[in-house]
Amino acid sequence: MESILNALVSGFVSGSLYAIMALGLTIIYGISRVFNFGHGIVAVLGGYLAWTFFTRASLPFVVSLLFMLPVMYLLGWLVYRYAIRGLMKKPNADFSTVLFMLGLGIMLENIILQIFGPRVKAVPELVTGSIMLGAIKIKNHELALMVIVLLGIIVLTQFFKRTRMGQAMRAVAQSIPGAGVVGINIERIFGYTFGLAFMVTGFSGALLASKYFMIPHIGWDWMVKGFVIVAFGGMGSIPGAVVGALVLGMAESFTTLALGAVWVWPVWFIMFLVLLLLRPQGLVGGRN
Amino acid sequence: MKKLNLTRNTVILAVVLLLIVLYPLLGAKPYHLHLFILFFIWAMVASSWNLLNGISGINSLGNIGFMAIGGYGSAILAKTFGLSTLITIPLGGIIAMVLVTLFLGLPTLRLKGVYIALLTLIFADTLPTLLTQTRAVTGGAVGLHEIPPFFAGAGKIHNYYICLAAFLVMLYVIHRLIKSNTGLAFVALRDSENLATSLGVSRFRERLKVFAISALLSGLAGGFYVHSLGDISPTTLAIEPFLMGIAMMELGGIGTLFGPVLGAAIIVFGSEFLRLADVLRMTILGGLICVTILFFPGGLMQAFRKLGNLMDRRGKRKRGESVQAKVQSAD
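Line by line, the protein sequences give chains W and C.
Once you know that position 68 of the first sequence is 68 in my numbering, the rest is easy, because the numbers rise by one and skip nothing.
Once you know that position 328 of the second sequence is 328 in my numbering, the rest is easy, because the numbers rise by one and skip nothing.
This is chain C alone, in the form it adopts within the complex (with noise of 0.2 Å):
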């Protein structure tokens, strides 16, 4: 039963593929390809952000923060010091990595709970302020424009294959990760620290590691979210990317490798439907979450394992039956 239920999923998900990587070639508008370009980049953020509070149970807040690193120092490099994007992006994320694991990875080793909540948010709420004061190297208030595409002349397109790539990449690597020995330990330290420990995993090696690679991570997502979109202000850290953030992963699922993606593509182009009720939007985009928490607190991708256990068993029913046709005919 399990293999038939893998292939139907491989199916499913190639033909999506091959849908996805067709789509530009069979004549998309371009504030299409934008809003496909959104949402891979924001199926990054949210995936790297689920490597934290999904798959490791800490609570982070801060993830748009570590983007925003990533960002603004993949930007910042490429800009006045005219470095390739093929650094600058690995660069940044470096950035991230090393700013994040330093200022939270470590101080959070002796926080639980809501704690590593609180410094998490406090640390992405730092940052406008810090932006806003090095105005001569980060453009103050008004952000960095004009930054560099990802080779002289790339357009919409090419920012596509490009984000595309990088989103199909990084969500193999989170796939890997998830599988392999660091990622149980991951698990295991969330589903039970006593546990864990008592069988040799170390919280401290365990916990810096998922701070570094989930800010790694989102730093990555960052370079590409400034690169095909040209600009970057402290807005990116306001209230809204947050809590679409948030929303993308319990919509989706939170603690799935496929929940923080579906989730990404239902609030990236379920707010294209939402732009014309305007205001009311973050009211929605709030009450969405409540809702989800309150009533479907797996989010969809629970809810797609449920039907699909029902249409498992409905055909497991069906040749139940025709096997009994059988014998009653050979009767």
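Extracted from the complex, chain W is given alone in its bound form (with noise of 0.2 Å):
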């Protein structure tokens, strides 16, 4: 009983955070519908960034936070103004966006690794303690980082419902000639898009390094995780990814208290395989 409570709460948070991360792809596929394979690495970047300005600038972890954020919005800004724009508008865009994110991704890797090296980087927690709820035992930590995830959602999904910008990325989403008739532009409105979801994709970087280790090579782990999540809730849909992400993480617990830990990943492609066949839209996503 104690343990599959244990893993109910450890399945809550990993999946919290599993949605964050998959908030960053989700975006930028529901708006764009280029579909972000460097994901992994920019959640990373953001990891190291933050750690960057916590060790050497000797910031607080959150100022740290702070800080990255502007750099990762400029960061996807550039990568959809002079890559990303121009591959669009070629025939064969969806698999040429696809082969030169994987490439800038491994780029950004092994350029990752020359600067900060093999090791394991700590991110320090942001709360520490812990306390006792019945029997089980929660960190400060996670609880902290739930509430965060939880924020970061509402923040998000206000943004998109009340602000203009927002209310114009949506409409892109829904039809890209529908909303330049009204008079958005579309590719500033990308620009914005792409500025926003890699924030949001080294937002969770950082929070994911703070609960697991950080190494170079973890992004594409990270990586093939949000793909299964926004593709079992439902490509480009906001809720999708966090119920996808919190189903996933779920199962994840389950399967590493009843089988170990190794079964995780056959478990999810046996999920994610029935899923498609039943439902190739995902769990909450609408007609295609």
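These are computed hints drawn from the structure, not numbers from a lab.
There may be inaccurate statements among the hints.
[To be verified] Capping the alpha-carbon separation at 27 Å, the derived lysine-lysine pairs in DSSO-like fashion look like this:
hint, chain 1, residue 1, chain 2, residue 2
1, W, K89, C, K112
2, C, K306, W, K90
3, W, K89, C, K306
[Said to hold, decoys possible] Label-pair distances were calculated between CB atoms; the ranges are:
hint, chain 1, residue 1, chain 2, residue 2, range
4, C, F269, W, V127, 53 to 59 Å
5, C, L208, W, L259, 30 to 36 Å
6, W, P118, C, Q133, 25 to 31 Å
7, C, L109, W, T128, 48 to 54 Å
Positions of the beta carbon are idealized from the N, C-alpha and C atoms, including for glycine.
Fit the two chains together into the complex; they arrive one by one in their own frames, and the hints show the way.
If you want it as structure tokens, here you go:
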């Protein structure tokens, strides 16, 4: 019983982290239909930047998180402006953007490896200590992470709902020609979208790094997990990413409990396969 | 004009082929033979991958997985059951074909675009876990070593000719396939699915076919890989070989017959030079992919075609001039 409760809690914690990680992916895909195959490395880069501000400039960790965000935004905008924008106009944009981001990811990963070395970087916990809930022990850090993730999701949904920029992004997501007709500058929106998504991704990377460990290569693991989550929940849908992340986070912790950690991937693959056969648009996704 | 072009290309091909055939007899070092063997195998992998991604426009990212299945299948059959490689390599290919058609071909029938890329990538990503979990059969994380060679006492030079022959046969098969009705159907589905299906091309059948063929050929390449190199481990499925495969297709020219072969040559021989750069190698490989996609989307084949056209045009002009000169002298 106790172990089941523990698995439930840990599933919830990793699920909420996966949710914020998957958000960056789903934002780009939902609005610009570009699938970011460099996602994992963007997340890792965010983690390393936050770590650099934290250790080299000896800022408090929360402040270094805030410093990292504009850098990530700029990077996202640059990638769109100088590479993806041109590729999207060409035939076979689907796959060429995938390959471009993949190549960029590999390049960035190895640059990070050159600068920071292969050793594990420790990102500090936000709050130390832990509390007991009945028989289960929860770290304060994990609680803080869940609260941050929840706040982040609320801020993002409100941004998409209330602000003009968010509404313009939604309009582009619904119909590119339609949005163009009402006077939205599509390319500018795409640029902002990439910036926003890279920012969210970098932020999630820093959070993930504080829960798990961080080496340059870990980004590929995070990314493939993110892929399964967004496809599972429904690509381009924010509630989909959250639901998918929670379901798969639970599946992960219960698989670990029942069979061992190595079986997580095969279980995810089977779940993914079954879902794609029954509902190719994902759990929450609408008609495509 | 077209006829002239054909003969020139044929002559170049024949000379290159002759050099490759004669190369081991001219006293090549074993290490260079090894590089050529790698090139033949990679050219097979890239060509069969290109069948999916280039010819049929199905964005598979899992072909290294297909190759690993074929390789493991053949290696296990040969090592534990002591079967002849004449049987095990085709069997390995068939195992890869059946598994891939079942687990990827059928599910992707309902999927489009990036979903296929995702599913195939995750398929290939699941394999290392399964391999490390079935240590008794597959050797786990260490992999399989001392896999029997093609035949007892086969050396580098035998491996060279066997892989060369396999590569040539496979390239010929792919060439025939592209020219056949099946190949035309693949291309038609890639270029306009609606038009193709309205003309009676069965999307269901053609897609299963292309997955089956690509997996069979990749699996066979995997068989040649294990028996000429002697070992295989889950690191075959790491990110580097995967990226190398993609770089080969893109660099050489995706969707063409010789593009992947050319790309394989550049990457296999080029990464020998890059060995000096050591850790920077992956950075360069990634950068190469980026630059090719951004600036040379058709790869080297397109560049060659442009060059060929340019030479033709210049040749035409020259001949035109000489005709003019004759006319003038006749005056």
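Item to complete: Could you tell me which of the hints above the structure violates, numbers in ascending order?
Response: none
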